[in-house]
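Novice: As given, the protein sequences belong to chains Z and V, one line each in that order.
With this note's numbering applied, the first sequence corresponds to residues 180 to 921, in that order.
With this note's numbering applied, the second sequence corresponds to residues 157 to 742, in that order.
Hints are computed from structural coordinates only; laboratory data are not their basis.
Keep in mind that a hint or two might mislead.
Unchecked claim - Computed Cβ-Cβ distance ranges for the label pairs, DEER-style:
#1 V:Asp566 with Z:Arg686: 30 to 38 angstroms
#2 V:Asp566 with Z:Ala902: 32 to 40 angstroms
#3 V:Leu207 with Z:Lys224: 41 to 49 angstroms
#4 Z:Gly336 with V:Asp186: 47 to 55 angstroms
#5 Z:Arg686 with V:Lys664: 28 to 36 angstroms
#6 Z:Leu828 with V:Asp186: 37 to 45 angstroms
Since this is a predicted model, take the numbers as computed values, not measurements.
Cβ coordinates follow ideal geometry from the N, Cα and C atoms, glycine included.
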Amino acid sequence: MDLQTWLPLLLGLAWLLPLASFAIVSIGGSLPQIQGHHASYRSQKIAGVVASAACGASFLLSLLAMAIWLTNHPLGAEHPGGHPGTAHAPPHYSGDFYSLASFGDLHLAIGYYIDTLTVTMFCMVTLIATCVHVYSWGYMHEELADVVDNEVATRDGKALHRPGRYHRFFQYLSLFTFSMLGVVIAGNLAMVFVFWELVGICSYFLIGFYIERPSATNAANKAFIVNRVGDFGMLIGLMTLWSSLGTLHFDQIFPQLAEPASAGGLSYPLLVVAGIGLFCGCIGKSAQFPLHTWLPDAMEGPTPVSALVHSATMVAAGVYLVGRCYPIFVPEVLLVIAVVGAITLAMAATIAITAVDIKRVLAYSTISQLGYMMLSLGLGGWVAGLFHLITHAFFKSLLFLCSGSVIHAVHTNDLREMGGLRKKMPWTAYTMLVGCLAIIGAGVPAWGIGFSGFFSKDAILEQAWSFAGANPAPVYGLLLWVPVAGAMLTALYMFRLWYLTFAGEPRNADRYAHAHESPLSMIAPLVLLATLAVSIGWVWPFSELSVTSLLEQARPAGTQETVQGEWLSSLTIPDEHLSHAPEIQVPAGWTTFSAAMGGLLLATMTYLWKWLRAEEIRQSFRPIHSFLWNQWWFDELYDWTLVKPTLWLSRFFASIDHWLIDPLVHGITHVSRLVARLLDSLLDRRAIDGSLHTLADQTWNTGLSLRQLQSGSLRQYVLFLVAGTLGLFAVASLYWKFAVAG
Amino acid sequence: MNLHSPATYLSLLTFLPAAAAVVVCFLPKDQDEFVKKWTLGATVVAFLLSLGMLVGWPGIAFQIGEPGMQHVFSVDWIPSFQVHYMMGIDGISLPLVVLTTLISMLAMGASWPITKHVKAYCMLFLLLETGMIGVFLALDFFLFYVFWEVMLLPMYFLIGVWGGPRREYAAIKFFLFTLFGSVLMLIALLMLYYSSDLRPLDAGLLAEVGISQTDIEAIQAADTPQHTFNLLALQELGQTTDQFKNRLAGKTYEWWAFLLLFVGFVIKVPSVPLHTWLPDAHVEAPTPISMILAGILLKMGGYGLLRIAYPICPEAAYDLAMFVCTLGVVSMVYGAFAALAQTDFKRLVAYSSISHMGYVVLGLGVWSATAGTDYNPDYWKMGMNGALFQMIAHGISSAGMFFMVGLLYDRVHHRDLNQFGGIFGKMPLSSGLAIGIFFAGLGLPGLCGFIGEFFVVLATWKFSIPLAVVSAAVVILTAGYILWTLQRVYLGADYTGPHAEALTPITKRELSIAAPLLALALLFGVYPRALLDTMEPSVSQTVERLAEWKERDDQAKETRQDSGKTTRQARRLTNHHQQQLTTPSP
């Protein structure tokens, strides 16, 4: 089978189906509005089905593509970069769908770059998207009819009544799925940037889905603008590559990078600029420190959105892009990535401990887990980082959908109002328990079995261990101990969340009384995702098929070797395969295990057995608690250092026009008028006018006779003006023709 | 009438609106509706005529992919001053002509709410259209200048009579600024005219720039300098001869001419600090006139730079490239910041225009084809194509933005951003269209604004890294002011301003104006080749010729330096020799 034809066709189709669904739903939703009514109940329902069907079909196409891929590229048969020292690219297919523009030798196009990573990501994204679509049938059903939004008060003090927007939700979800798949299939960085922005705008629409709520629209703006700050850096990275290499196509960049600067490659400083620039974009999209502040606010969107966009797929796009562009990053940039990841994972984990909004806890947990992925990639753990991306996508979307199920039942996000819900909603409670166990990496190191997170987190910690071994300087050791401490914090905040929600006694009897298990369309995706959260890290029975072996096949050229920094000569990024050695694997595994168990124990003692009183801890660590409670004061800091100065500056610029330029212009006109009047009185009135007075009398009489023309009608004036001008031109040209030219 | 002859066709296209304006004066006074329909009909015909060149009318079909000037014709107009009625079209002017007729047509559709002096309004409107089309088609500098001035007067009246409360101030401000620019242009025009001499050009070249056989013979036989207004000839002279290199106050004529032209044109663009007429004009002008002002008139500045200033004065353009680009970036930043501070909806859109047109100036100026890059013109091509693309894209998005503002203003009669909100709930369809159009302005991928901005910014790095960084940073500010505006106007629970009852859904007429603009924004954003295929060859040819000129010029300078060096060496040798002669040998 010809993969060069079939893969782009299948994945291209899988990519475009959601776009078709978007077009159908948006046109179908707008047509009734031209007539002045709203979309009917039935058509809205159909919109949901169309979008979900498109998404499901995309998933099937992706699976087919995966099957075709695996039959042609058996796992383990090829070890593309397997021989150290050979820069052999992994199997991939690339080409252009259509050209955007070309200028001489420069070409921009919409194209594809398909390797194992692309196909794996396609399967993951479409599967989770399908689950979320189906889940939304139940979760969003209130939007089918007119909605009373109690969180918004209108001017007359009543709750807001508005028509439902069920179809709009699916319309945005479809557009999002299309855009996200566009980022994944993109064949060049310009196309990545295009879809990068498009996922951003979908995120904007979905966060701001409740457009009447100021908190939602503020959060949407914040998300987009903060992301644009990252994109600014990304643009710089793109410019560097574009100006030096003359191409943004992956299949042309990677070989060129291997060349020395004299033969068309990049000089080292430019490589650093390009790498950091690209990473800036990833910082914004993946909510890494210091641009993470938008993600917690993004929880204003409906919960299925948080599950799909703000945990499983879009925010992971930053990690994906780091993985995709890996050959661009030099060791110093990788160190920056690792440090940013470490700071992020620690910071977010500490904040998650004090948050009381169920979705915010999960949001900070997402940030923290994304920090793990970045850290891993930065330390050379390419497969480990992307493996965690895949496993995290499943358990985090599961956790979010479970939290959505809870919110659906109790109509609040506040953990302090929940408690004891496992009796009311067992399916939700136990699938969420599976998610919690997966995220803390529960498993038994001695037997090598566990939940999916166990494998991926272990892989990351092993690489960190290996890195710390290769770089004995104590400061590098932090990059090992921070994630270990993070593992403990993860267990602590996740089980705090679970206990506060499902265990103990109900803290709000009223809400508890109204709570109920969610409908089947919501439970079914939970069960499916829970199964995958357990098993996605496993090896397919009787084969070599596993996420790691798939990723191993996509490993970019040149990551198989241990590399040294050029500026920081002491910096060593170790080969990832070295971390599989037993002398690293065993201690790393047990360390992670003990950290996680420690956190779990702490949470259990505090929130289940109540041996420790959370209230007392809070009292005795008041300053720290307040620091964490206020999320490290980032929002206030940015407000004072960035937002307010920008607004001051904008007022300053606007006032330049008003107080400087315009007065100058007015001044010039005044001066010229004064000069004119002066000349008028000196010359005209005295010298010339006197002699002309007689003539004026004559003119006066003529004027009287011409008075009839002064009709006061503007139209007539204009006509005269035009006729006059044309006449003058005609006279002038005739004059020149006969008198001057002779 | 022979519509297969370019002379007839292009003249018809240009003067059809003016002819329709003449008919308007004879229409009955009380038939406002009919006058509007007649005017709309004329603009539709003009639009179809401009499209006719694209769909391929035998004889006047535009050859896509052909970089040179097409359908050139030249008729004596004022022979004693070598003024010709000369027109032609290429990939640079064709998109602008089509944009002009399209926006004029849509703006006429948006003129229905006008009830004051309808006949006069329609006449001036049509006259304005003739002026605009003429500017883009003229290939004779004098003719260009005449059309440029023809445009000015109707615009003055359209703002001054049909505008808002401060209309007279705004109209006079517009008039004075533009007139100031035209005067500078006139001086440059005369400087170039009186320095030019066609005789050094050989017969083939003269024929190529559209000069008739009899004229060529006369030129070659003449023994006095043969001045010209022919833009193509002036370009040739500027790039291949030394005719504009006379010195004046330490600089060449060419340098001064470029400066004058540049200032004249950037007033129209407008660039900071010559921009203050624009916000006032926009705020006071009625909606359709704002659409034309932002959609077309601003493009003439960029067109003038691209067609006249750069090709005729390459040396000065190269000298001042950094100045030009800096001005572009300053406008981008300044406009974006100022937009953020506005509370008047229309003023905000006006400042966003200043910011967006900064990309045009920047893109034109990124002259990266120098010795350092081995005269590689590709990045500059990208910048200049990006600039022209941005002109068209901005023509679409800004016209749309002003229309959407006007649509709200027609209903609630105010533009205070702090007194809106909740429009989406009341007018979902028009809000959806508005959000789409504003996103085109924001530079969202998939819509037209992105392509131009992206090309220009990507091309800048090769020219100047600091400017590239600053221009890339503007994307943050743009997102800031557009999203904040959308939030204040369309989102939220409640409309907080007066006349809430007037917020009725979009009408069919309004829909048929806004929807095509959004559709075009989408088309050009998704498939930019739809536009680039037409314009890219011509723009790239302009760039290539300038890059070649630079290479020639550098070589010439090198040889001059070499010869200078040899003479200096020779002199030193002689001195040495003399010294040897004078010093007594030990």
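Novice: Each of the hints needs a verdict: does it hold here or not?
Specialist: Right, here's what the structure says about each hint:
1. In this structure the supplied range 30 to 38 angstroms is violated for V:Asp566 paired with Z:Arg686, their Cβ-Cβ distance being about 54 angstroms.
2. Taken as a hint, the range 32 to 40 angstroms holds for the pair V:Asp566 and Z:Ala902, whose Cβ atoms sit roughly 34 angstroms apart.
3. About 43 angstroms separates the C-beta atoms of V:Leu207 and Z:Lys224, a value consistent with the hinted range of 41 to 49 angstroms.
4. Take Z:Gly336 and V:Asp186: their Cβ atoms lie about 51 angstroms apart, and the range 47 to 55 angstroms holds.
5. A hinted range of 28 to 36 angstroms is violated for the C-beta pair Z:Arg686 and V:Lys664, which are about 56 angstroms apart.
6. Take Z:Leu828 and V:Asp186: their Cβ atoms lie about 54 angstroms apart, and the range 37 to 45 angstroms is violated.
Hint compliance for this structure: hints 1, 5, 6 are broken, all remaining hints hold.
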